[in-house]
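Student: Heads up: the protein sequence lines correspond to chains S and V, in order.
Using the working numbering, the first residue of the first sequence is number 1, and each one after it goes up by one.
Using the working numbering, the first residue of the second sequence is number 223, and each one after it goes up by one.
Don't take every hint at face value.
Only some residues are given here: those of chain S computed to face chain V with a beta carbon under 7 Å [said to hold, decoys possible]: (1) 4; (2) 30; (3) 32; (4) 33; (5) 35; (6) 39; (7) 40; (8) 101; (9) 111; (10) 120; (11) 121; (12) 124; (13) 184; (14) 190.
Derived by calculation from the structure, the hints in this document are not laboratory data.
All C-beta atoms in this analysis are idealised placements derived from N, C-alpha and C, irrespective of residue type, glycine included.
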Amino acid sequence: MLRLFDVIDEANIPWLMAAAERLHTAFGAQLIDLVPSYTTLMLHYDGLQLSEAQASERVLQALKGLQPLAINDSGRRHELPVWYHPSVGPDLEALAQRAGCTVEQVVDRHCSRDYPVFTLGFTPGFGYMGLVDPSIAAPRLATPRQRVPQGSVGIAERQTAVYPLVSPGGWNLIGRCPLALFDRERDGYSLLKPGDRVRFVSVDHAEFLRLGGDDASMEPNP
Amino acid sequence: MSMLRVEHSLGFAQLQDGGRFGVRHLGVTQGGALDWIAQHWANWLLGNPLDACVIEIPLGGLTLKAEADGWLALTGADLDAKLDQQPLRPWQVFAIRSGQQLTFTQPRSGVRAYLAAAGGFKANPVLGAVATVMREGLGGLHGDGKGLKPGNQLTYSAQPAVSRKMPSEAIPDYKSPVTLQLLVGAQSSQFSGDSLFQLFNQHWTLDQRADRMGMRLTGPELRYQGEPLISEGIPLGAVQVPPDGQPIVLMNDRQTIGGYPRLGALTPSSLARLAQCAPGQKIHLQPISQAQARQDHLALLARWEP
């Protein structure tokens, strides 16, 4: 486990991505998996081919003189269309009330900035993004929903994400994205990768359907 | 080409190989046979690649019918297997004739049986592996993460590369006391001294909540005294301790990142042993050094060298 930082910060990402790139090169075929998270990189190497001492030495060499990647090199930028509507975002109105603003203002604020993808986890292709405007931050639901539909866009504290698959979940749902975030037929499988940046774009119902979205509505309460 | 047809299945028996790698950064879990040692032996008996695709059968509830003659190997748990009503002992290669029925009913010793076939069962890999992960909807016979269902047809090679006999001293006794080895690390130094003493000097009991994702142990309450953690990658076998103080061993289908403090990780052979424990099993934990664990692991792998 390589610990590079102590706190969650967007500024960590270009460093983590730079380190990941170097480690990929340094370990080559002896690299089994490399899992970036907010402050760490978990390096899984082939322990049959490399001793712990050899691996440590290789890490030290690889990270010597490390420079952060330029923000544009750390990943791709995606625009994700979202239909923000209470029928697919059952927590949208409560979130507006909590923020003391209108639903439109919640949407504007959610769409107002690029979010870096800190890490992927939970389910395949689930990208933890942030940080949303503090005014639209909200704690997780006290009781998670048993079934969150595919494409649901949620907020938990200052993090935001799209659920790539149907799964249980306790984030506040505000809309739905019609794009497939995880597709086993796609090259690279996951639309998002750690270090990518995402801008949400509000679309209307017709556009959502045109892009292949499923508008099956949800009950307002879990 | 040989073929087995699934006649009856509770849906838990599933295809497993060595697991999915190089995709953890996408949130995709590892998968693969939980008792990888039994899987390796099953494949070794037939001369297959050691991590070739096998059927992992937890507890029983599976009936297969041969639609052609073939060669199979059975290892792992004794699930009271029968070939046309005749008892079939595990840890051997056996021939199956077209029309014969193979049933797995209930565990007599151990939990998971492994059925290997000449050349390995054939299925298209998804993200580099056949490993079935139900939670993710990935892998398995049709790539959608489903367990075996009645009507499924499993194909394999007509002839095995070899037919070997199991070295009798290598057959495990799943009824013997269970001691698992822990590579102490991660946040272990931030647990109370008393907790670390209890960890290795009290017994643990495998909880009902034990599956391919994680195995929960119950026993003395372990107290973490450090700061809350920021979520990070979780290695196979990690022993995490949520706020209730009861450890969970994270298995092949674990979440890829997590934020609970960890005591370290179990060795690969301890994970294989744990996979054969039923809820209620008493377990002792023992610390092991990195160097010793590596040496033991290499010695184990050497058993399967050609």
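Student: Next, verify each hint and record whether it holds.
Tutor: Against the structure, the hints:
For the restraint placing residue 4 of chain S at the interface with chain V, the shortest Cβ-Cβ distance is roughly 11 Å, beyond the 7 Å limit, so the hint is violated. For residue 30 of chain S, the interface hint is violated, since its Cβ never comes within 7 Å of a Cβ in chain V; the closest pair sits about 12 Å apart. Because the closest C-beta pair between residue 32 of chain S and chain V is about 5 Å apart, less than 7 Å, the hint holds. Interface hint status for residue 33 of chain S: upheld, as the beta-carbon distance to the closest one in chain V is roughly 4 Å, under 7 Å.
Interface restraint check for residue 35 of chain S: the shortest CB-CB distance to chain V comes to about 3 Å, inside 7 Å, so the restraint holds. At a threshold of 7 Å, the smallest CB-CB gap from residue 39 of chain S to chain V is about 5 Å, leaving the interface hint in force. Residue-level restraint check for residue 40 of chain S holds (minimum Cβ-Cβ distance to chain V is 4 Å; threshold 7 Å). Interface hint at residue 101 of chain S: violated, since its Cβ lies 30 Å from the closest Cβ of chain V, which is beyond the 7 Å cut-off.
Checking residue 111 of chain S against chain V: minimum C-beta separation of about 24 Å lies over 7 Å; hint violated. At about 4 Å, the closest approach between the beta carbon of residue 120 of chain S and any beta carbon in chain V falls short of 7 Å, and the interface hint on this residue holds. Because the smallest distance between the Cβ of residue 121 of chain S and any Cβ of chain V comes to about 4 Å, under 7 Å, the interface hint for this residue holds. Because the closest C-beta pair between residue 124 of chain S and chain V is about 5 Å apart, less than 7 Å, the hint holds.
Interface hint status for residue 184 of chain S: upheld, as the beta-carbon distance to the closest one in chain V is roughly 5 Å, under 7 Å. Annotation: residue 190 of chain S was flagged as interfacial toward chain V, and the flag holds, the nearest CB pair being 4 Å apart, inside 7 Å.
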